[in-house]
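K.L.:
Take a look at the letters that make up each chain.
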Amino acid sequence: MYELAKKALDIAEKAGAEEAEIYYVSNHSTSVNFKKDALESAKDRFSEGIGVRAIVNGAVGFASTNSAKDLENTIRIAVAEARVRENDPDWVALPSNGKYPTVAGIFDKRIEAMKLEECIGYAMELVEGTKEVPGTLPTSGAFTRGMSRQLILNTNGVEIEEESTAISGFVDVITVNGDTSTAYDFDVSRSLGIDFRAIGKHASELALSSGNGITIEAQKTNVVFHPFAFSDILEAAFAPSLDADNVQKGRSGLIGKLGEELAAPELSIYDDGLVEAGIESSVSDDEGVPSQRTTVLEKGVLNSYLYDSYTAGKEGTKSTGNAARGSYTSPPAVGLRNFIIDYPQTDLIADTDSGVFVNTVIGAHTANSISGDFSVEARNAFTIKDGALDKPIKSLMISGNSFDLLKNITGAGTDVRKVGGFISPSIRVSDMSVIG
Amino acid sequence: MNEIMQNIKFYDCRVIEGSSSSVILDNGKIEEISRNFMRGAGIRALCGGSWGYTAVEGELDLDRGVLDASKLAFAMDENTPKEEVELAAVAPPVVKNLPRIKVDPRDVPIEEKVELLKNIESRARVEGVHSTKVMFSESEFKIMYRNSEDVECEYELLNTGFAVSAVATENGVYQAGRESRFGYGYEVFENVDVLGLAEKAGKTAIELLGAKTPKGGTMPVLLDQELAGVFAHEAVGHASEADLVLEGDSILANRIGEQIASPLVTIIDDPTLHEFGYYPFDAEGVESSRTEIIRAGVLNSYLHSRETAGKLGEETGTPGNSRAQGYSMPVVRMSNTFIDNGDSKFEEMLESVRDGMYLIGSRGGQVNTGEGIFQFNAEKGYLIKNGELTELVRDVSLSGKTLEILNHVTGVGNDLKMTAGRCGKGGQLAPVSDGSPHLAISRALVGGA
Chain A
0 MYELAKKALD IAEKAGAEEA EIYYVSNHST SVNFKKDALE SAKDRFSEGI
50 GVRAIVNGAV GFASTNSAKD LENTIRIAVA EARVRENDPD WVALPSNGKY
100 PTVAGIFDKR IEAMKLEECI GYAMELVEGT KEVPGTLPTS GAFTRGMSRQ
150 LILNTNGVEI EEESTAISGF VDVITVNGDT STAYDFDVSR SLGIDFRAIG
200 KHASELALSS GNGITIEAQK TNVVFHPFAF SDILEAAFAP SLDADNVQKG
250 RSGLIGKLGE ELAAPELSIY DDGLVEAGIE SSVSDDEGVP SQRTTVLEKG
300 VLNSYLYDSY TAGKEGTKST GNAARGSYTS PPAVGLRNFI IDYPQTDLIA
350 DTDSGVFVNT VIGAHTANSI SGDFSVEARN AFTIKDGALD KPIKSLMISG
400 NSFDLLKNIT GAGTDVRKVG GFISPSIRVS DMSVIG
Chain B
0 MNEIMQNIKF YDCRVIEGSS SSVILDNGKI EEISRNFMRG AGIRALCGGS
50 WGYTAVEGEL DLDRGVLDAS KLAFAMDENT PKEEVELAAV APPVVKNLPR
100 IKVDPRDVPI EEKVELLKNI ESRARVEGVH STKVMFSESE FKIMYRNSED
150 VECEYELLNT GFAVSAVATE NGVYQAGRES RFGYGYEVFE NVDVLGLAEK
200 AGKTAIELLG AKTPKGGTMP VLLDQELAGV FAHEAVGHAS EADLVLEGDS
250 ILANRIGEQI ASPLVTIIDD PTLHEFGYYP FDAEGVESSR TEIIRAGVLN
300 SYLHSRETAG KLGEETGTPG NSRAQGYSMP VVRMSNTFID NGDSKFEEML
350 ESVRDGMYLI GSRGGQVNTG EGIFQFNAEK GYLIKNGELT ELVRDVSLSG
400 KTLEILNHVT GVGNDLKMTA GRCGKGGQLA PVSDGSPHLA ISRALVGGA
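Protein chains in written order, with numbering that gives the first Met the number 0: chain A, 0 to 435; chain B, 0 to 448.
Excised from the complex, chain A in its bound form:
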């Protein structure tokens, strides 16, 4: 299909497209999965496909296929769909060939060359890590390595080709004696170097220390969110409001707030497609606009929304390189790149007299993405007393509002972690409502 992709633009123009874009992607991943402490399966997945955007009279049609023999038909359907639509006065043009940055550390040929036996070895390390902590068992987990090749071509001269790799591992563990408690840990990286044994060990330690939890009174208190918990809440209850498409359509809580002080004055947030070895790093976004670093929040003040080329064209501004696609089967839409939370770092727990530390949350996706309201169940939560973690908490609900939360940030730890593309330390928020 790769060779065909290069011919596809011609086919689209012959079929009547005024502009056209071909997005080709191929993936090959291998995973080794375990249930309890036994390796259960090895999976090899090969996928490739092409998504076509065809523009006729300022209207866009989209179609996709994973079969080479259907490609011509797919292109014709994209053109025919564009013809069904009325002219879109907001359509400007597909991106033009730009000046592209270089991005380091997103391809590791050792991952590409990895044999099944090595994958089995890493999966075993996850399992063995959990065994270093007696009294716990893994329930499930996996090691995965993946390679991807992406090609973006359009009739305005964009021609971007890029290869990337990633490895990841996760493990869920449960305690086997007495009070049941669970925990998980995971990590993902563009290159080799993850300590899988440490991931397994940490998950087990966390499950074990979370047992025999106490109940606490409903109260307003300091909550320290681990990067896992913080990223879940912000991605569900804050990030959607930065999407220019939501702003333009009245579905954002940040409409008309550019230049306003929204958050704690020491908080800055960046969206950055260029982070070295970043999970969301690449030369361009998913429609060929050069990647860049965008200051979203500067010292508490809202500086920019996030744009793809369509939403930027609508406002007469420039794309921030935030076009994203889940796969070749969907047209691009605004999405986050590496999302960096920046706040002065201290020894956070030691600096906290009293409060609650929360490792992970469940239910963040149920948040109201417009109002920012959320209500989540905290997992692996602990009380903080006199600058140290004290007792595990059995069950804890935390409700609040993401915009208020950003105002009430009072500290950050030194434990910066890449949770996929979300890069953040632990964050302390004052005055959070918790119900035990």
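Hints may be right or wrong, so weigh each one.
[To be verified] Here are some, though not all, of the chain B residues that point toward chain A, as calculated from beta-carbon distances under 7 Å:
1. I29
2. G51
3. H129
4. Y154
5. E246
6. G247
7. G363
8. Q365
9. E370
[Unchecked claim] Calculated cross-link-like contacts (lysine-lysine; reagent style DSS-like; alpha-carbon spacing at most 25 Å):
10. A:K390 <-> B:K211
11. B:K202 <-> B:K28
12. A:K298 <-> A:K317
13. B:K400 <-> A:K406
14. B:K211 <-> A:K219
Honestly, the hints are just simulated from the structure, not real lab data.
Keep in mind the model is a prediction, meaning the values are calculated, not measured.
C-beta atoms are modelled at their ideal positions from N, C-alpha and C, and glycine is treated no differently.
Given chain A's structure and the hints, the job is docking chain B onto it.
P.N.:
Okay, now just chain B, sitting in the frame of chain A:
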């Protein structure tokens, strides 16, 4: 090669081909028309206690796929030998009772679909609504299955449906109303009052603007059919999936035959119903059948694949709940899951709750099956005072322990209603439906402000 194939006890192939299309109308304007064609296969091979799995797309060479999956299984078993997997024996499926379709969505011109969406949009835009989104989707898939036990079968399914959301705003507060329906032919748009649903979505958004956020706490609650259905699916259904039971990640492990719920509660999973989770045979070629997970409060059966049924034995249930998204590796999944009708009337349950909250609709939720705890956000609620519905409230959630809630059920209505949705597990989405009659619960933790 021969050495490898001699050690392969079982293999199977699922080939899927089809297409899907969607039309999205955003604020009355067509935002997207798209169509996707796909063809691919998922191939499994079993060697001793290890599975090998290969997924391929586009032009398929199934013989080569079987060989690749077999090599993976063989290498896994050689590197880490383990207890042999015994698959429960099953009869070849009889494919029958497929949903009959009156109007094939492919025969309806795109212009007519766009027109329908525009009508839906204008009805959702009740006064005060400032933003709307309407989505139409259809998909047609042919699934062909064969395995090393000479089973060969296939079926074709068409799905179509729509979703509408309306957002209203006032003084910086945003609230949304959402409705959706799915079915098996274009006639779903005639059988269901889609315009009425659109208006309901708009009205819900407006109504919620004026709602208060109540104080949370422990109280008696009444759940509507949708939220009670989400509880049946998320909290009970997932914990009954035998793969989680075997992993030690289910609160229902080793409890078959035990009274785990109020005798008023019967929970069923039934893939033969023509609801959104329908299938004639599962991803292992096993004919679908109805399972009573809980019968009158007693845990009766888990949901099984052939592997989990082989491990746990037939007294814990039979296979037929193995499902996969596209050509992914099958996992144990639910289909159409519901709490069966009881005989309480709505007013009686309201009276029994007396002072508490009526929780309505769902904005999703999550569950920890190992510890048996859950959290769901309701779309809205009403305070119940003196056995009567009073003030409308929003941003309310329900959380607690699955087994405690099951035991605290004090009333089950006779107004079962199913809701279509998509369920995520192991990174795969599957079409499902869940439902319940109204449910009265004597004690639950409600989250609020």
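K.L.:
Work down the list of hints and note, for each, if the structure agrees.
P.N.:
Hint check results:
no., hint, verdict
1, I29, "5 Å, holds"
2, G51, "5 Å, holds"
3, H129, "5 Å, holds"
4, Y154, "21 Å, violated"
5, E246, "4 Å, holds"
6, G247, "6 Å, holds"
7, G363, "5 Å, holds"
8, Q365, "4 Å, holds"
9, E370, "6 Å, holds"
10, A:K390 <-> B:K211, "34 Å, violated"
11, B:K202 <-> B:K28, "21 Å, holds"
12, A:K298 <-> A:K317, "23 Å, holds"
13, B:K400 <-> A:K406, "33 Å, violated"
14, B:K211 <-> A:K219, "20 Å, holds"
Hints 4, 10, 13, counting from the list given before, are not met by this structure.
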